[in-house]
Amino acid sequence: MIVTLTPNPSLDRTISVSQLLVGEVHRAGELRVDAGGKGVNVSRALAANDFATIAVLPASGAPAVEFSSRLDAAGVAHEYIDLEGAVRTNITLVADDGTTTKINEQGRVSGPADARAMLDAVERHLDGASWVVGCGSLPPGIDGSLYLDLIARAKGRGVRVAIDTSGPAFARMVAACPDLVKPNLEELEEYVGKPLVTIADVLEAARRLVRSGVGTVVVSLGEHGALGVDATTAVHANAVVDKPLSTVGAGDCLLAGYLSAVEAGASLSDAVATGVLWGAAAVALPGSRVPSPADLTGPTVRVSSSLPLDMIVNT
Amino acid sequence: MTTRTVEIGSSVGLHARPAALFVQAVNDAGVPVTICKPGGKPGPANSMLAIMALGAKHGDAVELGCEAENAGEVLDTLVALLERDLDAEK
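Protein chains in written order, with this note's numbering: chain P, 1 to 315; chain F, 316 to 405.
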């Protein structure tokens, strides 16, 4: 069982417009509403492949009902923390020429009581859990200590912890030595405070995290695949996607695939390759759709026998 | 090399969750086991990636191979696992 916590969930509304003109009134075309948030995406990908998971998130009132209808349809078990106004509405405007404009709400103004309620809700599901995953941005008023506390509580119960977040929250939670972190290239660059150009650069930065006490670092590198690093091993895998449709949520699917393999006792190399497979399969699907078993036979994943240290990854 | 051929019993094929249970069982066995479709190139049976790339559907035959001393016993256990509808057992 993999438990996910999404502290700052959203209902993602994607609206088509013919052309976006600042200061003008637009007629909305096609509208799609998705249950969003990184932890929710991880749970959706796991559930689509029949792995046991539960999504824990704050939601209340009408947005909670709307969230439920979508999670039920996706077969995702979930538990809400009853906090009013916690579900954001994030708007993506897609113009006919493919240009996308995003407006993300900040989230409910929260405090320590909200954080405690979230951690208590997660803790109720830790019995028999293999992993707990803390994912995504934090609402205003809650700082990185939420993830520090999550790591402490999970470790206290013998449950492994994965964290996928960015900015100050990322830097803070590293101190609590999570079992896994999954930064993308930009998040890792922000952490080390300099641009990372090649696999060698990424490897050095990831090793710094491992030396700080993180168990395993999996860096998602977009079209360049992913690099997995732990205390003894480093592995790179990538896949070619013939017709990429949408990268939305691909990193979350990568994390889900990685965890599904680790849960089965896979090696770092096999788990990273499986993560890349899930991520690549997600890129071949529209919007934030997650791959099902049939989608996973498509992409061909290559695992490098020796690290391609000179490969440029910031393109 | 001891080999066994078995038809996949899981209704969704040898994919995600059934694949995970199988890989776990191979790892538990603690000896190298290979898997392929009949006539195919054997890959490591304890690799999630190799299993998913195999794309074995319900009813497809797969061939398991093992060179360990207790190969017969190990393969019989794995065959019994693959014959079951792992997806229906939660």
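Fair warning: there could be bad hints in the mix.
[To be verified] Straight-line C-alpha distance at most 30 Å; calculated DSS-like pairs for lysine-lysine:
| no. | chain 1 | residue 1 | chain 2 | residue 2 |
| --- | --- | --- | --- | --- |
| 1 | P | Lys102 | P | Lys243 |
| 2 | P | Lys243 | P | Lys155 |
| 3 | F | Lys372 | F | Lys352 |
| 4 | F | Lys356 | F | Lys372 |
| 5 | P | Lys155 | F | Lys356 |
| 6 | F | Lys352 | P | Lys243 |
| 7 | P | Lys243 | F | Lys372 |
[Unchecked claim] Label pairs and their calculated CB-CB ranges:
| no. | chain 1 | residue 1 | chain 2 | residue 2 | range |
| --- | --- | --- | --- | --- | --- |
| 8 | F | Glu398 | P | Pro308 | 25 to 33 Å |
| 9 | F | Val394 | P | Cys177 | 25 to 33 Å |
| 10 | F | Ala383 | P | Arg208 | 39 to 47 Å |
| 11 | P | Gly156 | F | Pro347 | 36 to 44 Å |
| 12 | F | Pro353 | P | Asp97 | 46 to 54 Å |
| 13 | F | Ala383 | P | Thr99 | 31 to 39 Å |
For the record, the hints were derived by calculation from the structure and aren't laboratory data. No residue lacks a Cβ here, since even glycine has one placed at the ideal position from N, Cα and C.
Hints and how they fare:
| no. | hint | verdict |
| --- | --- | --- |
| 1 | P:Lys102 x P:Lys243 | 23 Å, holds |
| 2 | P:Lys243 x P:Lys155 | 41 Å, violated |
| 3 | F:Lys372 x F:Lys352 | 11 Å, holds |
| 4 | F:Lys356 x F:Lys372 | 17 Å, holds |
| 5 | P:Lys155 x F:Lys356 | 42 Å, violated |
| 6 | F:Lys352 x P:Lys243 | 28 Å, holds |
| 7 | P:Lys243 x F:Lys372 | 24 Å, holds |
| 8 | F:Glu398 x P:Pro308: 25 to 33 Å | 41 Å, violated |
| 9 | F:Val394 x P:Cys177: 25 to 33 Å | 42 Å, violated |
| 10 | F:Ala383 x P:Arg208: 39 to 47 Å | 41 Å, holds |
| 11 | P:Gly156 x F:Pro347: 36 to 44 Å | 37 Å, holds |
| 12 | F:Pro353 x P:Asp97: 46 to 54 Å | 50 Å, holds |
| 13 | F:Ala383 x P:Thr99: 31 to 39 Å | 59 Å, violated |
Of the numbered hints given earlier, the model fails hints 2, 5, 8, 9 and 13; all others are met.
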